[in-house]
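Undergrad: Residues per chain are reported as follows:
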Amino acid sequence: MIAQIEQAAAQIAGIVGWETIRIVVGLVGVLVVVLVNALVLTWAERKVSGHIQRRIGPKEVGPFGLLQPIADTIKLLAKELLTPQNVEKPLYLLAPTLIFVPVLVSFIVIPFDSYLQVKDINVGILVILAFSSLSVLSILIAGLGSNNKYSLIGSLRSVAQNIAYEIPLLLSLLAVVLMAGSLSLKDIVEAQKGLWYVVYQPIAFLVFFVASVAETNRTPFDLPEAESELVAGFHTEYSGMRFALFFLAEYTNMFIVSAMITTFFLGGYGGPILPGFVWFFIKTYLLVFVFLWFRWTFPRVRFDQLLNVSWKLLIPLSLLNLLVTGGILKI
Amino acid sequence: MVTKISEELKASLKGVDTQEASYERNGYHLTAEAQPGNMADVAGFFKDRTFYLEDMCCVDYGDYLELVYFFNKYSELCRVKVILKVEAEKPVAPSISHIYRITHWYEREIHEFFGVYFEGHPKLIYLFLHEGIDHYPLRKKRVPVPAEDKALLNSLSPETEEDAFFVNLGPQHPSTHGVLRVIVKMDGEYILSADPVLGYLHRMHEKMAENRSYLQFLPNPARIDYPGALLLNLAHVTTVEKLCGIEVPERAQYVRTITCELNRIASHLLWFGAFPADLGALTPFLYAFDDREQILDILEDITGSRLTYCYFRFGGLYNDVDDVFVDKTKAFVKRMRERFDVYEKLVTGNVIFVNRAKGTGIFKQADTISYGCTGPFVRSTGIPFDMRKAEPYAVYDQIDFQIPTGTVGDNMDRYNVRMTEMEMSLRIIEQAIAKLPSGPYKAEKVPKKLKPPKGDIYNAVESSRGEAGVYVVSDESDTPYRMRWRVPSYSNLMTFPSLAEGTLIADAIATLGSYDIVVPEIDR
Amino acid sequence: MLNLARANSLWPVTFGLACCAIEMMSTSMARWDIARFGAEVFRPSPRQADLMMVTGTVTRKMAPSLVTLYEQMPSPKWVIAFGNCAISGGPFVFDGQYNVVEGVDQLIPVDVYVPGCPPRPEGLLEGLMTLEEKITGTRRFPKPEQKW
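Residue numbers (our numbering), protein chains in the order written: chain A, 1 to 331; chain B, 332 to 855; chain C, 856 to 1003.
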């Protein structure tokens, strides 16, 4: 049986090359990870929020409420797909798909383990940053296409916020790149074999962390979907599976930024005894937990405060950090 | 004070009849009758002497309508009733909305319920009622709404203005605490103007009162202000007691004080949860509800309901409290003291929260008179005005407590005032529990069918949002001829358009949250 | 299977009208925790909700908005009339009343009625159970024995 599969694989490889198979298998794997991750995170979010708020959260649906996200998914899949009358149809339909693609692509370069990486591109950082900032485009499209005032305000806020926080994000990463001397994610992880960069670069770590919370639109920076102000923000008009795609993208984004922090600052898959990918997931989910923790304890910042934090605090700080790092490395 | 005002009024304004009234009997000190020609001068006279407009209402006497204005002072109790008679056929009265801003809404209300046309009012359109209504509801005889009035009332059409970005907050919106609708004109993130539309929960309490006996109306106050049900229950009960001259035994008074303060804490806790939720933090909500449940347990034991209590009866209580109640209350006071530390850590000490609340939604002390605000809202500006001190009822005069005040009147001050008030309430409960006398809990010989003597009365209590007053006109029958509710949220909310103007929408939402509005109370 | 999933993930729309809304909130708080049944995801936008709880008096001014809101919800959708006011107008019905809709079922189809003024949170949970029973055909918990 196995021999047959190997034979078939070799045959196909002869036609399209091993690399292609590797990428196809990788993409399928990524898709599985994305979906499972979203399921786990919705469950975790509801459970964590429950325990933070002195209650137990989902409990009756399956053991520990574990079947809750599955029930939700099936329900959302079977829900009527409403297209409101006054929307810009092409834009409205495009947005949920568009938000999902860049998140998928970002996964390609993330090293889950020394061998578990779909493709190690030598400009990995650029790929991941470029694609993760694409999602703001689809939020803008969703807001414009919905023809709803709350959506519009929400999406405009989102754009302003993403632009403001993209810069400190990049600047803080530059310090890491300087230290590692490479743009490839794998090289960066390998460079942290001795000591994690969070020790060398605490300021960059903090800046990156704050900026990534803002990039994922999570509390305290969840202005684009500020519930008490804008109903549901940019996805107010979306229902059923289209809404679920936005949700999926949000959770996947959260996972990606946590994975990025793990890779850049916490030594990626490096760790004793346990296999690399276990370490990777432990670190990543710990960070995700911190995100959830934030969400359920902090109030929301105001729009001008949000931008002030970025332009007046994070950017100067990360620039200074970059300067110091560069200076020290040169000497 | 009263005679001085009376003399001054007579001297400065010719044609104003003044008459001293019995405070014990009527709840106000002085009556003055103004004429349409000099109503504006009378209002100006009171404004100059730092009186605030406590209430304005209208009574239909068949052949004429009587507009009733109550003026009072923050610094000392001096309630003056000014009446203005207008004919019933084509009622026209001068508007004083340029002097007292609050009458902007009161006059709109009277216009749609009685058909009184106010000359000089800038915007007489529907505030409460739906567009299909064809008569003036509170008139004694059925008076159809004439076509020109109908056109005037229905003239709200914000969408016709071009180049303006309008957002409708509500009636279904997560942060309006019910079904308030605010039409917001926006420029980007900034608010150019905000215009509340009320009446999505107008449940005709005042009309109902005219159809029911005093006893039958007992459950209604709880539905007017549901977080502070007992406090409004008390307002109704004390008013009728004063009107009929019923003596209340001391034990009942103490129990009333204790339960009212418990209810006040419950109400403040609800607000404490909802305010951070408006700022995006949901968790304090659940913590507050946790403590609120403890109070509800205590109150449920003695009253039988969780939310809409109807515990007080004319002349006393529905039933007596027992030792379990006393023990549970003591335990609660102890527990609540410790919980304040948790709140301090969770909310008050949170940098983001402080940054959001400080310096936003500032309400200046100078404007309080024009708007007639009461409650924590006015206390946050630095005026120590509290009905419990100004006009003590129950046993508040025998208990030592302070009135917390703020300094600048921003959202943070309102937050702090309410938090301190909760601590004060705990102090009141402790003292009252310690002093709780034994004896009857109910006055004897209170007739089943109350027929109060002819006359009117204004009586107010301090609800958790401010001054809740009842004005009752009795015609010797067992139903009130007219019952008017003066509710605090209404006059407080009136300030929202001016506070929201020019602020960010996020701040406006926070400010709206800091009001602690209860929509059924506003709409009645 | 599909019905089971639907019954276990009833997302209500954030829609509180009056006094009963407080009891609805209480139900989602620590003591009753409606989250146990997967129904704590209060969606502010009707487009993403499955369940509308009409908690309180519906006035004639509110009625058009309520119907719009109901129509904005994607099917399958359910309605719980929570409290006496939503069921029949409750205490606010009298001769000459001019502003209250006497029962929300005059406007939209109602699946479950929960009586009370206001109903206790247990009442809402029982209403939710009844609704789940209506969807799936089986009851989650056995009915308590009647003791009187």
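FYI, nobody ran anything at the bench for these hints, they're computed from the structure.
Check each hint, because a few of them may be wrong.
Stated by the list, open to error - Calculated cross-link-like contacts (lysine-lysine; reagent style BS3-like; alpha-carbon spacing at most 30 Å):
(1) K454/B with K149/A
(2) K193/A with K989/C
(3) K335/B with K404/B
(4) K998/C with K47/A
(5) K689/B with K149/A
(6) K689/B with K312/A
(7) K689/B with K773/B
(8) K998/C with K312/A
(9) K481/B with K573/B
(10) K471/B with K481/B
As the list claims (entries may be wrong) - Which bits of chain B does chain C cover? Going by a derived footprint, with three or more residues having C-beta under 8 Å, they are:
(11) 463-469
(12) 531-537
(13) 613-623
(14) 635-649
(15) 779-789
We put the beta carbon where it would ideally sit given N, CA and C, even for glycine.
Undergrad: Decide, hint by hint, whether the structure agrees.
TA: We went through each hint and held it up to the structure:
no. : hint               : result
1   : K454/B with K149/A : holds, 27 Å
2   : K193/A with K989/C : violated, 59 Å
3   : K335/B with K404/B : holds, 14 Å
4   : K998/C with K47/A  : holds, 28 Å
5   : K689/B with K149/A : holds, 29 Å
6   : K689/B with K312/A : holds, 20 Å
7   : K689/B with K773/B : violated, 47 Å
8   : K998/C with K312/A : violated, 61 Å
9   : K481/B with K573/B : violated, 40 Å
10  : K471/B with K481/B : holds, 20 Å
11  : 463-469            : holds (count 4)
12  : 531-537            : holds (count 5)
13  : 613-623            : holds (count 4)
14  : 635-649            : holds (count 3)
15  : 779-789            : violated (count 0)
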